[in-house]
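Trainee: Below are the chains, spelled out letter by letter.
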Amino acid sequence: MSIDMSQFHQVFFDETDEHLANMESLLLELDLAAPDEESLNAIFRAAHSIKGGSATFGFSDLAELTHVLENLLDRVRKGTMALTSPMVDAFLHAKDVLGAMLAAHRGHGAAVVGDDVATVRSELEAFAAADDPARQTIPATPVAAAAAEKHTLFIEIDADSGADIPAIIADLGMQGALETVQDAAGDPVRPWVLRLDSPLDVTEASETLSFVLAPESFRITRDLGADESDGFGLFIGAPAAPDPDVAFEEDGFGLFTPLATASTPPEDDSFGLFEPLSTAEAVAAKTTPAAPAAAAHVERGVGGGENSIRVNIEKVDLLLNLVGELVITQSMLVQSGSVLDPVDHERLLNGINLLQRNSRELQEAVMSIRMTPVAFVFNRFPRVVRDMAQKLDKQVELKMVGENTELDKSFIEKLSDPLTHLVRNSLDHGIEAPEVRVAKGKPAQGQLTLRAFHQGGSIVIEVTDDGAGLNRERILAKARERGMAVTDTMSDDEVWGLIFEPGFSTAAAVTDVSGRGVGMDVVKRNILTLGGRVEIDSLPDYGTTIGIHLPLTLAIMDGMSVRIGQETYILPLSFILESLQPVAGDVKSVNGRGRVVNVRGEYLPIVTLAQMFHVPDAKRAPTEAILIIVESAGTRVALMVDDLIGQQQFVVKNLENNYHKVDGLSGATILGDGHVALILDVSTIVRSNQKAAQGLTALAVAEA
Amino acid sequence: MVQATIERTVSDEAVGTLRELLVFTLGDEQYAIDILKVQEIRGYESVTRIAGAPAFIKGVVNLRGSIVPIVDMRLKFALGEASYTPFTVVIILNVLERTVGIVVDGVSDVIQLAPDAIREAPEFGAAVDTAYIEGLSQVGDSMVIVMDIERLMSSAEMSLMEIERHAQSGQQQGGAVNG
Chain L
1 MSIDMSQFHQ VFFDETDEHL ANMESLLLEL DLAAPDEESL NAIFRAAHSI
51 KGGSATFGFS DLAELTHVLE NLLDRVRKGT MALTSPMVDA FLHAKDVLGA
101 MLAAHRGHGA AVVGDDVATV RSELEAFAAA DDPARQTIPA TPVAAAAAEK
151 HTLFIEIDAD SGADIPAIIA DLGMQGALET VQDAAGDPVR PWVLRLDSPL
201 DVTEASETLS FVLAPESFRI TRDLGADESD GFGLFIGAPA APDPDVAFEE
251 DGFGLFTPLA TASTPPEDDS FGLFEPLSTA EAVAAKTTPA APAAAAHVER
301 GVGGGENSIR VNIEKVDLLL NLVGELVITQ SMLVQSGSVL DPVDHERLLN
351 GINLLQRNSR ELQEAVMSIR MTPVAFVFNR FPRVVRDMAQ KLDKQVELKM
401 VGENTELDKS FIEKLSDPLT HLVRNSLDHG IEAPEVRVAK GKPAQGQLTL
451 RAFHQGGSIV IEVTDDGAGL NRERILAKAR ERGMAVTDTM SDDEVWGLIF
501 EPGFSTAAAV TDVSGRGVGM DVVKRNILTL GGRVEIDSLP DYGTTIGIHL
551 PLTLAIMDGM SVRIGQETYI LPLSFILESL QPVAGDVKSV NGRGRVVNVR
601 GEYLPIVTLA QMFHVPDAKR APTEAILIIV ESAGTRVALM VDDLIGQQQF
651 VVKNLENNYH KVDGLSGATI LGDGHVALIL DVSTIVRSNQ KAAQGLTALA
701 VAEA
Chain G
1001 MVQATIERTV SDEAVGTLRE LLVFTLGDEQ YAIDILKVQE IRGYESVTRI
1051 AGAPAFIKGV VNLRGSIVPI VDMRLKFALG EASYTPFTVV IILNVLERTV
1101 GIVVDGVSDV IQLAPDAIRE APEFGAAVDT AYIEGLSQVG DSMVIVMDIE
1151 RLMSSAEMSL MEIERHAQSG QQQGGAVNG
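In order, the protein sequences belong to chains L and G.
According to our numbering, the first sequence is numbered sequentially starting from 1.
According to our numbering, the second sequence is numbered sequentially starting from 1001.
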């Protein structure tokens, strides 16, 4: 092609990724006894789309393999071939190889070894040959090195189309055997007529030409008498009178639309390759090929399909930032307005109130854009679990709960690796082999559950298995081996915490799945960087639950600003239960270990924030200060501050952008007067006082 | 006024493009840093303290919506009195995709130096570790120390960035991150 197509590659890669993922999840869900027809069609369409796109861009390795796959899938969906489990395995294997090819084209992976490709092809072809050799109607599966079947096309190009026709002809000539039937150079009236023998069918040829020529300038017809190509009635060979509406205006070349997951309507038999674009977009897309990928495009969902837009994430972030600025500006207004006489300036103050409400709604709506269901991370696990269970000769049932729980998109990506590691651990070390389980009186099939849910200001993702549980003795032994200071009286929690040490593994044997001991510390570190934490719960022979807690750091939060000394700090409202100023009788000192406050019969430890954050000149006596009762993960403490300032919305700004994570702080915010205030990380503060808290309250009760 | 003199020496190396550098004073010394790393120059105002940070990290400021840490170079390198007046100068830098501010004694001029005008620095007792010094240059009557500010700001001793960052930029893994 005389136009550089590589600018479109990225879109093709992304879409092919989606098709492959879609294919895989549909394959895994198939009920082999009674496969859902729509699923089979969808799998076929995915393969077909990949083939079409890869042929257009000249990724012939992808195209060839997908072609083989597609033929098999076609037979299965038409019911002429029965679907078996080994076939599904072969399909999944093919999907893997395709994925590897794609990665190689992207520059991310090593080139796929020819042997791998040949292996997978022969697997697929074995099925094709084994089943019903009498089949002939569908074009024969290509053998070994043979490319996809050839088509003979007649192409007419108007000489005045303004494009560099000799160059186009030269490019076409590289696709196959090209014969110039009618040379129209210099001829203002007659068109060029070419005859092309190539693997391109009508569809693909017209896609290719549409990049450089306006659709009205050319026409492509099939050489009648050629075999039934896989145009599938898509493009009834563009008759002599060009009909842009039929073929060209409406197709997006599969470049600009995601595959519809719902069933495509019968009159639009486009197999996801040519989703109807709104006409304006299609024309814009073709006449300005320099404006690719990042452009938003609309998929017209029909019959319950999702209405969605693909948007560059930077735009969403920009939008979020702007909304954040709006909130700051609005709080400036509130502050300025607070000194005005409410009667004289009633309208102004009402307006500011209204503005507050509007911007809050705007902010919630914008933030929800970035929230993505956890299903995106979970959906790779059916395959992972299936493969691993097979490999390890274990029987495992995977359950996923709460997949619709949403969290910020950035977390989704960062969760994937840690979760994978935890799942692998559960399968490798947790769940026992079937015989072992039966001997223990458990069902031979193990249960692995992935669960996601909201808890307070966090999102929790748990990986639970009903396996052997963590072996306390082995962990302690291993720790001693490595010279770590451990005692037998350490609590279970502390012992479980040991497995996060780098290089720690009690696995008897190192498999290629796990056991090298590089995983858990990385998991913990990754989660910590996200501002979260990992918790472990385990019972011998009962099972293990590993929970990842992540903050729902929404960019804008409701908070209470407080004064400590001369400094202003912010507390997230979601943790605050109440605030009070205690009387002397309610405050007790416990043996020089700290102070507790009696709140309606309950003794809560007092956390002197001034001490924690080294704030000079803060109030020392709780009876002169304010105690804010907060609760996090079931534990309550009383935070001591000098004064409450006010309650308002705050824009959460990241400390890590230009600095780094600070213990005890979950971020910073900009106050109405432009100063920076630090946001306290209540859950960490509560947790670091938890032990002390328990000790204190026990003592206080005893002494009371 | 610092006069910029561009020295040309006949050498095999081609005289490369001129570098533009910002000169600032720190104690008795003059340092020059790549102007492209300088975002702006501001006064020192309303810094919010961060507990647990080393003493030379004064805290963070609001720079048009971004939270930017401020490092007082005078404290970090133990150079004389660190006072904060309306004339105190803060240079806002862009290094390694981060924005940080440094408090210095004063800012001089923007100079242009040819690459061969920068001579290699001998081991001498500058306040700044020679690991971060690219070389010395004669500008008018004075000697200017050309510093790799990006390397300095990303080093472990500045405690601005996490350890992983240091590894990436190939810095020495220093001792305590939070001194």
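Check before you lean on any hint, since a few could be wrong.
[Said to hold, decoys possible] Which chain G residues face chain L? A few, computed with CB under 10 Å, are given here:
1) V1038
2) S1046
3) V1061
4) L1160
[To be verified] Residues of chain L placed beyond 10 Å of chain G at every Cβ, according to the derived structure:
5) D89
6) I328
7) G351
8) K653
9) N657
10) D663
Just so you know, the hints here were simulated from the structure itself, not pulled from any lab data.
Predicted, not measured: the structure shown is a model, and the values here were computed from it.
Idealized CB from N, CA, C, for every residue including glycine.
Trainee: The structure should be examined with respect to each hint, and the outcome stated for every one.
Mentor: Verification of the supplied hints:
1. Here the hint on G:V1038 is broken, as its CB sits about 15 Å from the closest CB of chain L, past 10 Å.
2. For G:S1046, the interface hint holds, since its Cβ comes within 10 Å of a Cβ in chain L; the closest pair sits about 5 Å apart.
3. The beta carbon of G:V1061 is positioned within 10 Å of a beta carbon in chain L (closest approach about 6 Å), and the interface hint is therefore held.
4. For G:L1160, the interface hint holds, since its Cβ comes within 10 Å of a Cβ in chain L; the closest pair sits about 6 Å apart.
5. The Cβ of L:D89 sits about 40 Å from the closest Cβ of chain G, beyond the 10 Å cut-off, so the non-interface label holds.
6. With a closest Cβ-Cβ approach of about 8 Å to chain G, L:I328 is found to fall inside the 10 Å limit, against its non-interface label.
7. The Cβ of L:G351 sits about 24 Å from the closest Cβ of chain G, beyond the 10 Å cut-off, so the non-interface label holds.
8. The non-interface label for L:K653 is inconsistent with chain G: the shortest C-beta to C-beta separation is roughly 5 Å, within 10 Å.
9. Some Cβ of chain G comes within 10 Å of the Cβ of L:N657; the nearest lies about 7 Å off, and the non-interface call is violated.
10. Against the 10 Å criterion, L:D663 falls within the reach of chain G, whose nearest CB is about 7 Å from its own CB.
Checked against the numbered hints given earlier, this structure breaks hints 1, 6, 8, 9, 10; the rest are met.
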